[in-house]
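Student: Chains as they are written, first to last, in my numbering: chain W, 1 to 113; chain G, 1 to 115.
Warning: the hint list may mix true and false statements.
Claimed, not checked - Keeping only pairs whose Cα atoms sit at most 30 Å apart, straight-line, the calculated DSS-like set for lysine-lysine is: (1) W/3 x G/44; (2) G/62 x W/3; (3) G/27 x G/51.
Honestly, the hints are just simulated from the structure, not real lab data.
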Amino acid sequence: AQKITQTQPGMFVQEKEAVTLDCTYDTSDPSYGLFWYKQPSSGEMIFLIYQGSYDQQNATEGRYSLNFQKARKSANLVISASQLGDSAMYFCAMSNTGNQFYFGTGTSLTVIP
Amino acid sequence: NAGVMQNPRHLVRRRGQEARLRCSPMKGHSHVYWYRQLPEEGLKFMVYLQKENIIDESGMPKERFSAEFPKEGPSILRIQQVVRGDSAAYFCASSPVLPPTDTQYFGPGTRLTVL
Chain W
1 AQKITQTQPG MFVQEKEAVT LDCTYDTSDP SYGLFWYKQP SSGEMIFLIY QGSYDQQNAT
61 EGRYSLNFQK ARKSANLVIS ASQLGDSAMY FCAMSNTGNQ FYFGTGTSLT VIP
Chain G
1 NAGVMQNPRH LVRRRGQEAR LRCSPMKGHS HVYWYRQLPE EGLKFMVYLQ KENIIDESGM
61 PKERFSAEFP KEGPSILRIQ QVVRGDSAAY FCASSPVLPP TDTQYFGPGT RLTVL
């Protein structure tokens, strides 16, 4: 069975500091994709970053980077230089050749001024 | 290039009524997915469709729920005889190619409230 685990229900970070949101996954498929989405209080799902299972380099998108450790099956999101607008729910997701996306339960991030 | 569009954004129904949720994928995207998000939870997969075909409906309740993606027009998620437990946010996503090599782009969601 495919599974995504986010163990941090809530996180706090000081503005301008970096924060790491944890995500571990479980799959037996050799080919899969890992994603992070942001869901602000307005409710929409905003795509942040993607990492393919065969990618050698960690993905980066602006202030977002994905710390991909394949052997440990972890795909942590690192947000550098946090901003007040980063306060939101963050969801880790995985897709495989079975067409579905599997989502974790999310981490609520609060950026403190 | 417009993103994924969903309407209505908010829908209120009384128990026993029907709810119809619409989703127009991004231009050029032929894969559509529906997800349900209950309060305080992550998104749960419901169904995956391509034009005129249901590819995977393993996450869809067997009764009262149906989905279609006709040759012309938006994808429709239909919930018959709604109950209070159907109250949730329903998200549609689209992608241009098969997973896992590309992301899914989400619409703004439809928030269904059943009174």
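Student: For each hint, tell me whether it holds in the structure or not.
Tutor: Verification of the supplied hints:
| no. | hint | in the structure |
| --- | --- | --- |
| 1 | W/3 x G/44 | 12 Å, holds |
| 2 | G/62 x W/3 | 23 Å, holds |
| 3 | G/27 x G/51 | 13 Å, holds |
The structure shown violates none of the earlier numbered hints.
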